[in-house]
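J.: Chain by chain, the residues:
There are 2 protein chains.
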Amino acid sequence: MAFINENFLNLKENYLFIDIAKRLAAYREKNPEKQLIRMGIGDVTLPLAPIVVEAMKKGAEEMAHKETFKGYEDSGRGYLFLREAVAGYYKSFGVEIDPEEILISDGAKSDCGNIPDIFGEQNTVLITDPAYPVYVDSNVMGGRKVIYASSNEENGFAAMPDPNIKCDIIYLCSPNNPTGSVYTKAQLEEWVAYAKSQKAIIIFDSAYEAFIRDKSLPRSIFAVEGARECAIEICSLSKTAGFTGTRCGYTVIPKELTAYTADGCEVNVFKIWCRRQGSKFNGVSYPVQCAAAAVFSEEGLTQTRESIDYYMENARIMAETCDELGIKYTGGKNSPYIWLKCPRGMGSWEFFDYLLNEIQVVGTPGEGFGENGKGWFRLTAFGTKENTAEAMERLKKLIINN
Amino acid sequence: MAFINENFLNLKENYLFIDIAKRLAAYREKNPEKQLIRMGIGDVTLPLAPIVVEAMKKGAEEMAHKETFKGYEDSGRGYLFLREAVAGYYKSFGVEIDPEEILISDGAKSDCGNIPDIFGEQNTVLITDPAYPVYVDSNVMGGRKVIYASSNEENGFAAMPDPNIKCDIIYLCSPNNPTGSVYTKAQLEEWVAYAKSQKAIIIFDSAYEAFIRDKSLPRSIFAVEGARECAIEICSLSKTAGFTGTRCGYTVIPKELTAYTADGCEVNVFKIWCRRQGSKFNGVSYPVQCAAAAVFSEEGLTQTRESIDYYMENARIMAETCDELGIKYTGGKNSPYIWLKCPRGMGSWEFFDYLLNEIQVVGTPGEGFGENGKGWFRLTAFGTKENTAEAMERLKKLIINN
Numbered sequence: 367m368a369f370i371n372e373n374f375l376n377l378k379e380n381y382l383f384i385d386i387a388k389r390l391a392a393y394r395e396k397n398p399e400k401q402l403i404r405m406g407i408g409d410v411t412l413p414l415a416p417i418v419v420e421a422m423k424k425g426a427e428e429m430a431h432k433e434t435f436k437g438y439e440d441s442g443r444g445y446l447f448l449r450e451a452v453a454g455y456y457k458s459f460g461v462e463i464d465p466e467e468i469l470i471s472d473g474a475k476s477d478c479g480n481i482p483d484i485f486g487e488q489n490t491v492l493i494t495d496p497a498y499p500v501y502v503d504s505n506v507m508g509g510r511k512v513i514y515a516s517s518n519e520e521n522g523f524a525a526m527p528d529p530n531i532k533c534d535i536i537y538l539c540s541p542n543n544p545t546g547s548v549y550t551k552a553q554l555e556e557w558v559a560y561a562k563s564q565k566a567i568i569i570f571d572s573a574y575e576a577f578i579r580d581k582s583l584p585r586s587i588f589a590v591e592g593a594r595e596c597a598i599e600i601c602s603l604s605k606t607a608g609f610t611g612t613r614c615g616y617t618v619i620p621k622e623l624t625a626y627t628a629d630g631c632e633v634n635v636f637k638i639w640c641r642r643q644g645s646k647f648n649g650v651s652y653p654v655q656c657a658a659a660a661v662f663s664e665e666g667l668t669q670t671r672e673s674i675d676y677y678m679e680n681a682r683i684m685a686e687t688c689d690e691l692g693i694k695y696t697g698g699k700n701s702p703y704i705w706l707k708c709p710r711g712m713g714s715w716e717f718f719d720y721l722l723n724e725i726q727v728v729g730t731p732g733e734g735f736g737e738n739g740k741g742w743f744r745l746t747a748f749g750t751k752e753n754t755a756e757a758m759e760r761l762k763k764l765i766i767n768n
Numbered sequence: 367m368a369f370i371n372e373n374f375l376n377l378k379e380n381y382l383f384i385d386i387a388k389r390l391a392a393y394r395e396k397n398p399e400k401q402l403i404r405m406g407i408g409d410v411t412l413p414l415a416p417i418v419v420e421a422m423k424k425g426a427e428e429m430a431h432k433e434t435f436k437g438y439e440d441s442g443r444g445y446l447f448l449r450e451a452v453a454g455y456y457k458s459f460g461v462e463i464d465p466e467e468i469l470i471s472d473g474a475k476s477d478c479g480n481i482p483d484i485f486g487e488q489n490t491v492l493i494t495d496p497a498y499p500v501y502v503d504s505n506v507m508g509g510r511k512v513i514y515a516s517s518n519e520e521n522g523f524a525a526m527p528d529p530n531i532k533c534d535i536i537y538l539c540s541p542n543n544p545t546g547s548v549y550t551k552a553q554l555e556e557w558v559a560y561a562k563s564q565k566a567i568i569i570f571d572s573a574y575e576a577f578i579r580d581k582s583l584p585r586s587i588f589a590v591e592g593a594r595e596c597a598i599e600i601c602s603l604s605k606t607a608g609f610t611g612t613r614c615g616y617t618v619i620p621k622e623l624t625a626y627t628a629d630g631c632e633v634n635v636f637k638i639w640c641r642r643q644g645s646k647f648n649g650v651s652y653p654v655q656c657a658a659a660a661v662f663s664e665e666g667l668t669q670t671r672e673s674i675d676y677y678m679e680n681a682r683i684m685a686e687t688c689d690e691l692g693i694k695y696t697g698g699k700n701s702p703y704i705w706l707k708c709p710r711g712m713g714s715w716e717f718f719d720y721l722l723n724e725i726q727v728v729g730t731p732g733e734g735f736g737e738n739g740k741g742w743f744r745l746t747a748f749g750t751k752e753n754t755a756e757a758m759e760r761l762k763k764l765i766i767n768n
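Residue numbers (our numbering), protein chains in the order written: chain A, 367 to 768; chain B, 367 to 768.
Bear in mind the hints are in silico, worked out from the structure with no lab data behind them.
Where hints are given, some of them may not hold.
As the list makes no split between identical chains, a pair holds if one copy fits it or if it spans any two.
Cross-link-like lysine-lysine pairs, in silico, DSBU-like; alpha carbons within 35 Å at most [stated by the list, open to error]:
#, residue 1, residue 2
1, 763, 562
2, 763, 637
3, 457, 378
4, 532, 581
5, 532, 432
6, 432, 388
7, 532, 378
8, 400, 562
9, 581, 388
10, 740, 424
11, 707, 432
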């Protein structure tokens, strides 16, 4: 009799986006003439950079000829030209990574979801609350105990470690989704020291690093001394270069990183992950790898930076509006997200309905990301400038006149 | 303390391809002037079909413009245009599948490696021996007990079920890698009846279905009545259309398929797999999906069939040579593999060295695929016609003159 993995039955159904879709459908049916401004979805809207599209086409053309055709990639870890390009990108902000420690994936979500596979069920996993739901769900699927570190108004939605709490695996995301908060170097140093004191491993999600403009803020956990002995970094081209539908990411596992058997023997994490990927993954499409490498070329970085600048201008408009209105928020400065406190003590869903009904602006109720999101709300900078400005004008009128 | 998943330490190191590489390197160093003919690797060598490359470029171009840009795919299960194309392909050989039951992946290896995640650790997994190593390895990683069904000379390397053996999950691959054997409809009916009697689930790997030319042989487990209640099918464009480096596959999970909790409650498998993928996968690159859909167009099928015909001619030459030499083999007719019995009682590695040293032909020792591969040897049809013919001429001279 085929038995299901019953851990899946312990997952909370996340109705967040289904509920949003339902409420939008109901609203549209009643108000077919109203134009909605969508600031809820974490997806990009600007197209791929020209140099990236050209590189993908060139890669596709190579597949058309016997002499340049690419079959299985030997290692499945990514072509060296791309791993070197990623290493060069790290170097541009002062972090030295050996291309051999970089593993190319079909996106951060896959690696983020799959990496718990290589860790035992007995690990206690510490996740900040609120957080990207994949961290919790992938560990619940694996039967691991999940505990939370509170990100809240008092700590600027940047949870810090509590030395009295024991844990084995730690998830951090900076700049944070959904709160937009960014850890300082000193804060990450504290996390690294905490992880090392526990022999824990940090899974560091740096998907939004390209939005950091303040040079004093670390764009990688590996900007922190000692992180190589306790951290894995997972990053994505989704937000860096608009790859949400193109699919490419990378994971960095330092060669010296070790985990432990129950008996306390050290095991090399890089080798175990490669064994996992060797059996369960076969590399990223060659033309996509060509496109990804183009992102990290000089021209590619210039072109993709234009898109990020565009989104950051949206974030600036949103932050300025909140400042004007005296609405508390995190993010908006080195992040494409504004995480705001719902005015007048409204609940997340109450504020969602209020914005929808009064000014036809759609955001995301914070409680969809965890308990601490109650009473908070996420707006994203990934829309058009016109819509963002219009939404903020409407918000101003709404708050000032009511 | 971060604990490793110790199941990974129970994996057998598969030194097969490493050993082959070492022996080849040593041979080349001693014999730099000799030209090797490689018939060991299961990778394709012909380029993508023109219509497929054009579709990928067109998809890439769409990503360059705001109006046609594609971000996250809503479901992550594949665009409807591709799922409908796959359903149409199934229909062309008489199998009705609802596009809603088709899930697009970045390759059969990913789905094949990940699907055990949704099944409990208490399942006993039945795998034919010899087999594609991913079946065993992915289950060992998950801590499941693996038992074997013997494919051997007596049964034409097509293992059949033993009603006295209890199991929960069954892996079948037809046409088989590495043995090239193909199950008849009657044989698959027997497997389906066996699975149903045990409430077991068959994971059916149909990666080589495009090589079946005998119309009486089933190209899908779903050609068998009752299979919808007990089977999942995983297929790939890797061999169908040369996608080994382009990466796209598909998995079919009938909506009515159920597995069980330890208490015997039925759980819908499709829903659980979607939950897994929803948290750990974000869909296949849009231009790759465009390329994949082009494979199933009328012109695409014509163009890709030319490549398959080319490989099948190689297989025919190999089979004919074995016939002439009185070498026993399976495969070669509806399969790109020839699985041959090493002549004169030689061992797999002995025959490997013999072919390498005497005629500079490289194949794969059968024992790399399981115990029952001892004394057997795999040759692939994926080389050029000239090399294949030359290798067979050399083999004839070698065997006849010695």
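J.: Output the numbers, in ascending order, of every earlier hint that fails for this structure.
T.: 1, 2, 3, 5, 8, 9, 10
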